[in-house]
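Undergrad: From these two lone chains plus the hints, build me the complex, please.
The chain contents come next:
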Amino acid sequence: MNESRSGTSPNDAFTRVLESLRPDLVRFAYWLVRDRSVAEDVVQETLIRAWRAQGELKDVHAARAWLFTIARREHARLYERKRLPTVDLTDYVVAESHELAQRGDSMSDADMMDLRQALLRLPDEYREPLVMQVLGGFSTQEIAAQLNLSQQAVLTRLFRARNRLREVYGLERAPDAAEG
Amino acid sequence: MQIGAAPDERPPFLVAHLAGCDACRRFETETLRIEQRLRIAIRDVPELKATVPDAPPRTTVTPLPVPRSPAARRRSVAARWALAASVLLGLGLGAILWTSRIDTALAADVIAHMAHEPDSWRARKAVPESVLAFVLRKSGVQLDPGPTVSYAHSCYFRGQWVPHLVVQTSAGPVTVLILPGERLARREEFNDGDYAGVLEPAAGGAIALLARDNNMAAARAALADVTAVLRWKSRRG
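Here the protein sequences come in this chain order: A and B.
So for the first sequence, my numbering puts the first residue at 1; every next one is plus one.
So for the second sequence, my numbering puts the first residue at 181; every next one is plus one.
Here chain B stands alone, though its shape is the one from the complex (with noise of 0.2 Å):
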């Protein structure tokens, strides 16, 4: 088998064993000249149009309006018009420009580590306790029972270590990661192309999801599954 497995490896015990068994001899040249024709044949493949990038490639982060209640809108137009009659009045200008900004650096960070644990999508069984339970009491949380979470670890992110869990939903997995200390200042939903994501406050910093195929209504139902059974052992930031 060391001949088959590793033609080019020779330890002493094969040396050895090759200086008197002509069968092995002859076995490991054919096995040699076999090596030789593979290794010509593995190098040659059809030319790839894919290139190095020239510059740094830019993730294409596009926020979403946040869904809100007919209450929850009235109010806000109304706030808006206040804000900016005292703007006016403040600064005399004639027009005002609203700007609606998310956390785009966050959103690409999250899409950009997800897309490092592409295995972390496949499981489907429930983590056992124990594992769940010292990753989150690393990052000060816990979950109490609540959402199947299939996947558990803990990651380097944006310079701490989170837990990285995948939870079950009845519309897909979802990827969430618990932000201790991330300041946000409302909910952001967001997509690029190929995940959908929710970067939401809380207690103790932030809750960020991604769910795949742009499927929004799986972030959100997981954002809504976690948000009822976590809970921050100590507020941070």
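Here chain A stands alone, though its shape is the one from the complex (with noise of 0.2 Å):
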């Protein structure tokens, strides 16, 4: 990144890049792991590695892609080395999800309470590529290059994904012949 005519040096520019990107990098890490001080640590290795790694960003329009990849990796791995037990949901999904409500918004408690729980119910193959479109803005086809699958493949688990979240609103859920 090159410096502005202002005199803005690169680190500084790329300091407001990342600033500028934190809030979406912490939500994709709180979906992404369910676990606050996981993902606190997910958010600060992803902040370290990017500034250790800046010159490899080479357009700045692709910093969130970019950021986000670093975050799935750092959380690969700190998933490995820490060798993190299955995460036992009920009670954690209740009291997130409580809290969460509390702040309130245009829906109910009740309402944001039960997305959200189910939101942190889907397994994780249906959940990550859901928060990289909804959160990411990523399109289906940028998703499958970042998780190594098929356009279809990605295009599947975002249906079951919805078609799960249907329940909440008493709906039934869509056909799916794979998934019956």
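Don't read these hints as lab results, they were simulated from the structure.
Each hint should be verified, as a subset may be incorrect.
[To be verified] Taking lysine to any residue and the SDA-like style, the derived pairs with C-alpha atoms no more than 25 Å apart in a straight line are: (1) A:K58 x B:W341; (2) B:K229 x A:R52; (3) A:K58 x A:V17.
TA: Okay, here's the thing in structure tokens:
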């Protein structure tokens, strides 16, 4: 990244890029990991690695995808190192979604809690592409490239993720021949 | 499936279909309503403490004493005293400060490179011979049959394409970077709290080895395995 006419250093410019993307990175890590303390580690390691590798970022418009990719790799690395146990979701999901629901918004607290619980309960292979699409704004083609899947596989996983969320609103799942 | 998978995308075939299908239009309406709620729900998460670094963070690499035989240690001590005496004589100094330096920049680069490829540790099966040969060919090296290589990739590292391998040892998987032309004066060992590593001079350059969980035993085992079977086809540098 080049120095601007105003004399801003490349480091300052890069810091501003990271700051602007940090909120979405936090959201992505949280939904990816489903554990607050682990998500903090993932986000911090991601920001540090991004700092070290800033020379690799050639196009600032690709920064969001670049950061999310680093975050996914940091999560994989952290998971392998710490050998994290399988998350028992029951109590965790209730506690986390209740806390989030306390913030209040246009939706009812119960509605928000149910939706977040359903999202937290989605299997990793459904939740990750859904978060990348909804939060990251990635196309199905971009998700397929990042997850090393075919585009059809991504479409199937996204469909099944949303299909499960239909139950929160008392709607029947749409037919899915493969999942049954 | 298109509506449920990507509600924001409306390819022409879908638009045409929706014009004549009540059930699908109902499904689309339901899906878009849920999507609106999902976008709200997904944006609200607990605040995390992680912050953007103020300055480029540094890897703390700790040099480790390389184990030597008793005879080598005696020769080293004698050599140091002889050199100290000659320096004292030459410079007339009253005291000498000995410093031990390792190529911490290379060690840090190896660790940083490894951090970008965590998936390389996961494979356990041997890569096909053809894949390994292709990766090695570009760097002018070959491996005789020996340790199981479970990962082989050409990586751009410090200005050149180098083989990035993962070998399976009895003590666990070890990353091996074969670095043609890299100059090292002597073998160096290091760790950074998570990884243990060895930098080894070789005929055509250097070899960098990295083991997880501070497993220096694994790194040394891999060094012995790899150097026994590594052939440099052409000298460089």
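Undergrad: If a hint holds in the structure, say so; if it doesn't, say that too.
TA: For each hint, the structure was consulted:
no. : hint           : in the structure
1   : A:K58 x B:W341 : 20 Å, holds
2   : B:K229 x A:R52 : 20 Å, holds
3   : A:K58 x A:V17  : 13 Å, holds
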